[in-house]
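Peer 1: Going down the list, the protein sequences come from chains A and B.
Sequential numbering from -7 applies to the first sequence in this note's numbering.
Sequential numbering from -7 applies to the second sequence in this note's numbering.
Worth flagging that the hints you see were computed from the coordinates, not collected in a lab.
Each hint should be verified, as a subset may be incorrect.
No copy labels: a pair is met if it fits in one copy or bridges any two.
[Said to hold, decoys possible] Lysine-lysine pairs mimicking DSS-like chemistry, simulated, CA-CA at most 27 Å apart:
1. Lys330 / Lys63
2. Lys94 / Lys330
3. Lys50 / Lys27
4. Lys330 / Lys99
5. Lys164 / Lys63
6. Lys94 / Lys63
7. Lys63 / Lys27
8. Lys94 / Lys164
9. Lys94 / Lys50
10. Lys27 / Lys164
11. Lys330 / Lys308
There are 2 protein chains.
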Amino acid sequence: MLNIGVIMDSDFNNVEIDLEGRNYSIIIGDNLLDKPEIFNGRDFGRHAIIVTNTTVGKFYLERLRNSLRGKFDEIFDLILPDGESFKNWENLNLIFDALLEKACDRKTTIFALGGGVVGDMAGFAASVYMRGISFVQVPTTLLAQVDSSVGGKTAINHPRGKNMIGTFYQPKLVVCDFSTLSTLPSREFSAGLAEVIKYGVIFDRDFWNWLNSHLSSLIGREPVSLSYAIRRCCEIKASVVRQDEREEGLRAILNFGHTFGHAIEAGMGYGVWLHGEGVSAGMVMAAELSWRLGLVDADFVQLLIALIRRAGLPTKGPVLDANDNAGRYLELMRIDKKSEGGEIRFVLIDGLGKAMVRAAPDSLVRDVIDACCEQV
Amino acid sequence: MLNIGVIMDSDFNNVEIDLEGRNYSIIIGDNLLDKPEIFNGRDFGRHAIIVTNTTVGKFYLERLRNSLRGKFDEIFDLILPDGESFKNWENLNLIFDALLEKACDRKTTIFALGGGVVGDMAGFAASVYMRGISFVQVPTTLLAQVDSSVGGKTAINHPRGKNMIGTFYQPKLVVCDFSTLSTLPSREFSAGLAEVIKYGVIFDRDFWNWLNSHLSSLIGREPVSLSYAIRRCCEIKASVVRQDEREEGLRAILNFGHTFGHAIEAGMGYGVWLHGEGVSAGMVMAAELSWRLGLVDADFVQLLIALIRRAGLPTKGPVLDANDNAGRYLELMRIDKKSEGGEIRFVLIDGLGKAMVRAAPDSLVRDVIDACCEQV
Chain A
-7 MLNIGVIMDS
3 DFNNVEIDLE
13 GRNYSIIIGD
23 NLLDKPEIFN
33 GRDFGRHAII
43 VTNTTVGKFY
53 LERLRNSLRG
63 KFDEIFDLIL
73 PDGESFKNWE
83 NLNLIFDALL
93 EKACDRKTTI
103 FALGGGVVGD
113 MAGFAASVYM
123 RGISFVQVPT
133 TLLAQVDSSV
143 GGKTAINHPR
153 GKNMIGTFYQ
163 PKLVVCDFST
173 LSTLPSREFS
183 AGLAEVIKYG
193 VIFDRDFWNW
203 LNSHLSSLIG
213 REPVSLSYAI
223 RRCCEIKASV
233 VRQDEREEGL
243 RAILNFGHTF
253 GHAIEAGMGY
263 GVWLHGEGVS
273 AGMVMAAELS
283 WRLGLVDADF
293 VQLLIALIRR
303 AGLPTKGPVL
313 DANDNAGRYL
323 ELMRIDKKSE
333 GGEIRFVLID
343 GLGKAMVRAA
353 PDSLVRDVID
363 ACCEQV
Chain B
-7 MLNIGVIMDS
3 DFNNVEIDLE
13 GRNYSIIIGD
23 NLLDKPEIFN
33 GRDFGRHAII
43 VTNTTVGKFY
53 LERLRNSLRG
63 KFDEIFDLIL
73 PDGESFKNWE
83 NLNLIFDALL
93 EKACDRKTTI
103 FALGGGVVGD
113 MAGFAASVYM
123 RGISFVQVPT
133 TLLAQVDSSV
143 GGKTAINHPR
153 GKNMIGTFYQ
163 PKLVVCDFST
173 LSTLPSREFS
183 AGLAEVIKYG
193 VIFDRDFWNW
203 LNSHLSSLIG
213 REPVSLSYAI
223 RRCCEIKASV
233 VRQDEREEGL
243 RAILNFGHTF
253 GHAIEAGMGY
263 GVWLHGEGVS
273 AGMVMAAELS
283 WRLGLVDADF
293 VQLLIALIRR
303 AGLPTKGPVL
313 DANDNAGRYL
323 ELMRIDKKSE
333 GGEIRFVLID
343 GLGKAMVRAA
353 PDSLVRDVID
363 ACCEQV
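The following block holds chain A by itself, in its conformation from the complex:
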């Protein structure tokens, strides 16, 4: 069974990390990049390649490299362009080219230093290079720390759909250094808050309440609030993934807001709306649909809109097609990975803190889209 442990870094000398079989740990703490001891006692092989992007690389590549020094025969790096629009085969292939050019064998670990795009691509590369080598996630965005680096989903985008090509492949270790969030632009930070809000809505009413009273200190990036929120999100995600690693049931609830959100991302062109922005507008639409299906009351939708707005995130979706906007959304949503037999399966809220997956009549979905979009 997959077992994911969450470790808070209070004093690293005291931390015991137990990695057996496919278990792995998420370490959360401040300035972890400067603590080489977190990598001690683990078998990462002979070669390391740090995959990062142009933005993150200039802040953190040398720090990670220094921490890994002496632990490998050779440490390479590969700096990819930054952005969702680069999460494609061409850039994935740059990772394979680098690995082969440096004659990296199976005793190689890929370190993914960056946000969700870097983590998804580096993880996918690790899962298929020579049929699988080790990888370590070092997420540097809020979104990656609370969501994409945990749970072992890897992917690249296809022009016809987000994350269409990928694997389930667990990292050996996840290192969440929240000091790296200090350089994150506000827009990216807000985008990460979308996933944080998601966890409260789908799984944890107490966390939802905590978020409503601590959102300002989170936005102010106060370490105590940040570390609590990151830990709670990782715990929730680990708990869900532990029960359903390959998304055969429960795990699908983590896609709340994502069915509409992916349509927004694909419809606008990858990278125009950030993932978290699409998810935000998508959560409002999914909440609105839940209300129209009688699962929640109208107040809940308003409270969600208010929290999303306070987080600096969009509460309306963009118009993707002036002639038939709802039709365009439906078309894009039908290729969602949760779809079955052409029927779109939505993650809906069945009372705060509880989510479910079900289909809905097209006419109702059209009404929701009409009510929740505006020209941007």
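Given the coordinates of chain A, work out where chain B should sit on it, guided by the hints.
Peer 2: Then chain B, alone, in the frame of chain A:
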């Protein structure tokens, strides 16, 4: 645990196939393509896509399609170009394009109808499309029936190395219809015999003896001999894979002759030498190296050469570089997936029927290459 069962088709009405968890069956028989009942009682989802190539498609696509009729909402097909040189990302992507164009969801099964190239590519596509859908191997070459369709290795080639990008991903079912071998060109049939010979050498002295006395009837494609040989090869492969699915130890012995063989394939350009031809010359080189290391006597090498020659296969490798042929082989072999820390690991014979994996001094390997190559 992975469990692979081999079923001989004597009377299909009586066959019980037990598929639980990741277990699966290999069905071996005559004219299985015309027996739709072999697919009964299995959950393959709503959509089927048959991936084949231009050569095999014209013989067998309609027969497989007829057998699947009525079992799916929709059955699509995709016909790829034929040959190892097409086992690359561009053609893999054609499979994704077809799946997305037809809005295939996770309830889709890919049927790989063809030889090793089709099986490897379709299997890889199945393992990563939406993070994994079902697939069924319907191998139509001897090589695929005895080797590549069994054991769950999938891959595409990278310009710098064969099978560099891939996954371990088990099919739901393998259907070996040896009537499909009737249309196989002699050169391809011989190439398949290379892997048949391999199993005797590395694992089963009795099978080796049987091969020496039945090679002519095999080459004559006599059904009794064919079905025995295919079954025995599948049994050996299943037994090895069951013990070591992810090639952490034992499974590597299945690569006897492949380290040299992959260098030949890559060095000549994919498709110039057939895989089985490269493996044949590679087995001679590996046997020669085993002899020079004192593991087998010279007679064994001569017996192997004689059997390979009778099978219509090359017993000498090509000269890849007139100036430094051994250097070129070594360069190509260093990126073999079994290499560790730049050290090539060879599968060697430690007495007939027994294989081992170990390194060898470069100077000795150079002598072997010099002795075993000739200008073609």
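Peer 1: Between lysine 94 and lysine 164, at a C-alpha cutoff of 27 Å, which is it: within one copy, between copies, both, or neither?
Peer 2: The answer is within: 22 Å in one copy meets 27 Å, while 36 Å across copies does not.
Peer 1: At most 27 Å between alpha carbons: which applies to lysine 27 and lysine 164, within, between, both or neither?
Peer 2: within (17 Å within a copy, 46 Å between copies)
Peer 1: Indicate which option fits the pair lysine 330, lysine 308 if close means a Cα-Cα distance not exceeding 27 Å: within, between, both or neither.
Peer 2: So lysine 330 and lysine 308 pass the 27 Å test inside one copy only (23 Å; across, 53 Å).
Peer 1: Give the relationship of lysine 330 and lysine 63 under a CA distance limit of 27 Å: within one copy only, between copies only, both, or neither.
Peer 2: between (42 Å within a copy, 22 Å between copies)
Peer 1: Quick one: lysine 50 to lysine 27, C-alpha cut-off 27 Å, is that within a copy, between copies, both, or neither?
Peer 2: Within one copy only: 19 Å inside a chain, 62 Å across chains, cut-off 27 Å.
Peer 1: Measure nothing new, just compare the shortest in-copy and cross-copy C-alpha distances for lysine 94 and lysine 50 to 27 Å and report within, between, both or neither.
Peer 2: Only inside one copy: lysine 94 and lysine 50 sit 22 Å apart there, 43 Å across copies, limit 27 Å.
Peer 1: Are the CA atoms of lysine 63 and lysine 27 at most 27 Å apart within a copy, between copies, both, or neither?
Peer 2: within (13 Å within a copy, 58 Å between copies)
Peer 1: Tell me, please, which holds for lysine 330 and lysine 99 at an alpha-carbon limit of 27 Å: within, between, both or neither?
Peer 2: between (35 Å within a copy, 10 Å between copies)
Peer 1: First find the shortest C-alpha distance between lysine 94 and lysine 63 inside one copy, then the shortest across copies, and answer within, between, both or neither for a cut-off of 27 Å.
Peer 2: Classified as within; 18 Å inside a copy, 48 Å across copies.
Peer 1: Up to 27 Å between alpha-carbons, please classify lysine 94 paired with lysine 330: within, between, both or neither.
Peer 2: between (39 Å within a copy, 16 Å between copies)
Peer 1: When no copy is specified for lysine 164 and lysine 63, does a C-alpha distance of 27 Å or less occur within a copy, between copies, both, or neither?
Peer 2: within (16 Å within a copy, 41 Å between copies)
No hint from the list above goes unmet by this structure.
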